[in-house]
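Visitor: Chains A and B, in that order, are what the protein sequence lines are.
The opening residue of the first sequence carries number 1 in our numbering; numbering runs sequentially from there.
The opening residue of the second sequence carries number 1 in our numbering; numbering runs sequentially from there.
Keep in mind that the hints were calculated from the coordinates and are not lab data.
Treat each hint with caution, since some may be false.
Straight-line alpha carbon distances no greater than 25 Å define the calculated PhoX-like cross-link-like pairs of lysine-lysine that follow [claimed, not checked]:
#  : chain 1 : residue 1 : chain 2 : residue 2
1  : A       : Lys33     : B       : Lys73
2  : B       : Lys314    : B       : Lys231
3  : B       : Lys257    : A       : Lys108
4  : B       : Lys91     : B       : Lys73
5  : B       : Lys168    : B       : Lys237
6  : B       : Lys28     : A       : Lys161
7  : A       : Lys161    : B       : Lys336
8  : B       : Lys20     : B       : Lys168
9  : B       : Lys79     : A       : Lys33
10 : B       : Lys58     : B       : Lys91
11 : A       : Lys161    : B       : Lys52
12 : A       : Lys108    : A       : Lys134
13 : B       : Lys91     : B       : Lys79
14 : B       : Lys52     : B       : Lys20
15 : B       : Lys257    : B       : Lys237
16 : B       : Lys331    : B       : Lys91
17 : A       : Lys108    : A       : Lys8
18 : B       : Lys16     : B       : Lys73
Residues per chain are reported as follows:
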Amino acid sequence: MDMVITGKVLVYDDNIDTDIICPGRFLELNESKDIANVAMSGIDSNFPEKAKTHSIIIAGKNFGCGSSRDHAVRALKYSGLKAVIAQSFGRIFYRNALNLGLLVIISKDARNIFNDGESGKIDLTKGKITNMDKIITVDSDVISEEEFKVYEQGGMIQIYKQN
Amino acid sequence: MPMHAIHKILAEKSGKQEVKAGEIVNAKVDIAGINDIYLTVLISYDDMGGGKVWDPEKIVFFFDHNAPSPTIKGASNQKVMSEFAREQGIKKIFKINEGICHSVLSESGLVKPGDIIIITDSHTTTLGAFGAFATGVGSTDLAVIMMTGELWFRVPEVINVKLEGTLKDGVMAKDIALHMLGELGTEFATYKVIEYSDSVVEKLSIDERMVLCNMSVEMGAKSTYIRPNSKTIEYVKSRSHAPFIVHETDPDFIYDKEYIFNLDNLLPQVSIPDSVDNARNIEEVEGISIDQVFIGSCTGGKLTDLEAAANILKGKKIAESVRLVVTPSSKEVLTKAIERGYYQTFLDAGAAITTPGCGACFGGHSGLIAAGEKCATTSNRNFPGRMGSIEAGVYLVSPITAAYTAITGKLNNPQYK
């Protein structure tokens, strides 16, 4: 995994819950492409299409609150998303993301400097997030070395596999 | 160092003398539960290498979300799980006739004070009502427990919520939870344990305590705790002969935060779309037309909930404009509700009654709502699309408010007046 990640962003509000990210009726799906097809269908039926050209979600507080379903993480990861930046995350979503290797970053200010479709740059080691179109940089929490290693290997699931 | 009872559970299960908030521990799990919608547990288990499970006696399957299965895919997932359980010698499968995991687990004597209970359902916080450390996890964490019998936890801080005063008629535990959400929001307890204490909690029935603990996950809580009293001990002993330890919180333990709610003047609450913390006094929303009333789920489908609704609906008919769906939380609730005549009351009133399970609450089946419709529900979430169309509105209410609303077709609960 790169220390610097770039991509176009999609911006969402507070409390994007797991029913929005993957509605309950789709929990019977198991194949990655099927789960990717319903990502964010509670709010945006065009998300899978948008995810082809946008690779970073930027959101407000409590992203991924609600159900324990790791379908929510799988849906975003399988859509090709590189990272989710939010002001805060639902507890189980955060844990699921670390398990499955979807990069999640906490930043209080990123939400305030981006609009849909703008280009973002995440510098993981420095804890900086930049709007490349407006050339504005804000802080994020720094990913620890341990966390970086987990992400680098594809999540806790891969580490358990090797052990 | 003074410890909370929850910390003593985590210390004991991780082989330590003491633990403190913020520390990471690897703790042994007493029960690991898998719901039927998460075949991803077995997929993750295979991804990690598969093989024999750690202890087939401690793994439980719940066929509760698709009970009975509304789709071929759902049936197929249950079939794969049944085959897996058979191959692995897992005997504890609660099939499609049994009901919702949190109800059936406590009813069957598998939850005791001091236990660590982990299920792939976020509302597992419910079981803190029995003095257990209980929390929901995703599929991969559950797969790790299946393989090793253990899971890592960050030892949580504990928030003490003191509930004082006397509840007005027509006000239930659900109203307390919605009021707390309205006051404190959806994040105040993230990563933390909520303990409920004081006079109101002491008086509440086991069912009503479960409601507080159930709704705590909507406040972000990792788990909950109610100090087991004689009611709890009696309930557990009537269902389990296994020994258990009630850990006591040290008197000089320091809580992360303390909130005191005096509930003397609390009115029935309604959380309006699309967030659980959009709580309003009933007076502010009285008269809003409702298309469907749902009485069910792990939050609002227990015996006390059905009893509260049946007492109001007895001899009454629901409004012409409304439909009423009743889903008991378990087979035991169903059986007792029949014995006590609640089923006849619901049927006479015009209700549709479904198999025990999670059905409409999670937007799966058996009572979904159309675009433009409004549903008043005793369940736990009102996110957009939670119970069907994303253009529908979900109003969270208590069973008493649900019953009055079914009669008039409009949000109301005159009992507190």
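Visitor: Indicate, hint by hint, whether the structure satisfies it.
Guide: Cross-check of the supplied hints:
In summary, the hint linking Lys33 (chain A) to Lys73 (chain B) is supported, as the alpha carbons are separated by about 16 Å, within the 25 Å threshold. Of the supplied pair hints, the one linking Lys314 (chain B) and Lys231 (chain B) is violated, its CA atoms being roughly 29 Å apart against a limit of 25 Å. Proximity of Lys257 (chain B) to Lys108 (chain A) is assessed by CA-CA distance (about 23 Å); at most 25 Å being required, the pair is judged to hold. Distance check on the hinted pair: Lys91 (chain B) and Lys73 (chain B) sit about 23 Å apart at the alpha-carbon level, within 25 Å; holds.
For the given pair, Lys168 (chain B) sits about 32 Å from Lys237 (chain B) by alpha-carbon distance, which is inconsistent with the 25 Å threshold. This hinted pair checks out: Lys28 (chain B) and Lys161 (chain A) have alpha carbons roughly 20 Å apart, not beyond 25 Å. For the suggested pair Lys161 (chain A) and Lys336 (chain B), the alpha carbons sit about 47 Å apart, so the restraint of at most 25 Å is broken. Of the supplied pair hints, the one linking Lys20 (chain B) and Lys168 (chain B) is violated, its CA atoms being roughly 39 Å apart against a limit of 25 Å.
For the given pair, Lys79 (chain B) sits about 22 Å from Lys33 (chain A) by alpha-carbon distance, which is consistent with the 25 Å threshold. This hinted pair checks out: Lys58 (chain B) and Lys91 (chain B) have alpha carbons roughly 9 Å apart, not beyond 25 Å. Between Lys161 (chain A) and Lys52 (chain B) the CA atoms are separated by roughly 14 Å; this keeps the pair inside 25 Å, and the hint holds. Restraint check: the Cα-Cα separation between Lys108 (chain A) and Lys134 (chain A) comes to about 18 Å, which is no more than 25 Å; the hinted pair holds.
A threshold of 25 Å between alpha carbons decides the hint, and for Lys91 (chain B) with Lys79 (chain B) the separation of about 15 Å falls inside it, so the pair holds. As the CA atoms of Lys52 (chain B) and Lys20 (chain B) are separated by approximately 34 Å, the hinted pair breaks the 25 Å bound. Pair hint Lys257 (chain B) plus Lys237 (chain B) does not hold up; C-alpha atoms about 33 Å apart against a cutoff of 25 Å. Restraint check for Lys331 (chain B) and Lys91 (chain B): satisfied, since their Cα atoms lie roughly 19 Å apart, inside the 25 Å limit.
Pair hint Lys108 (chain A) plus Lys8 (chain A) holds up; C-alpha atoms about 19 Å apart against a cutoff of 25 Å. Distance hint between Lys16 (chain B) and Lys73 (chain B) is unfulfilled; the C-alpha atoms sit about 45 Å from each other, more than 25 Å.
Checked against the numbered hints above, the structure breaks hints 2, 5, 7, 8, 14, 15 and 18 and satisfies the rest.
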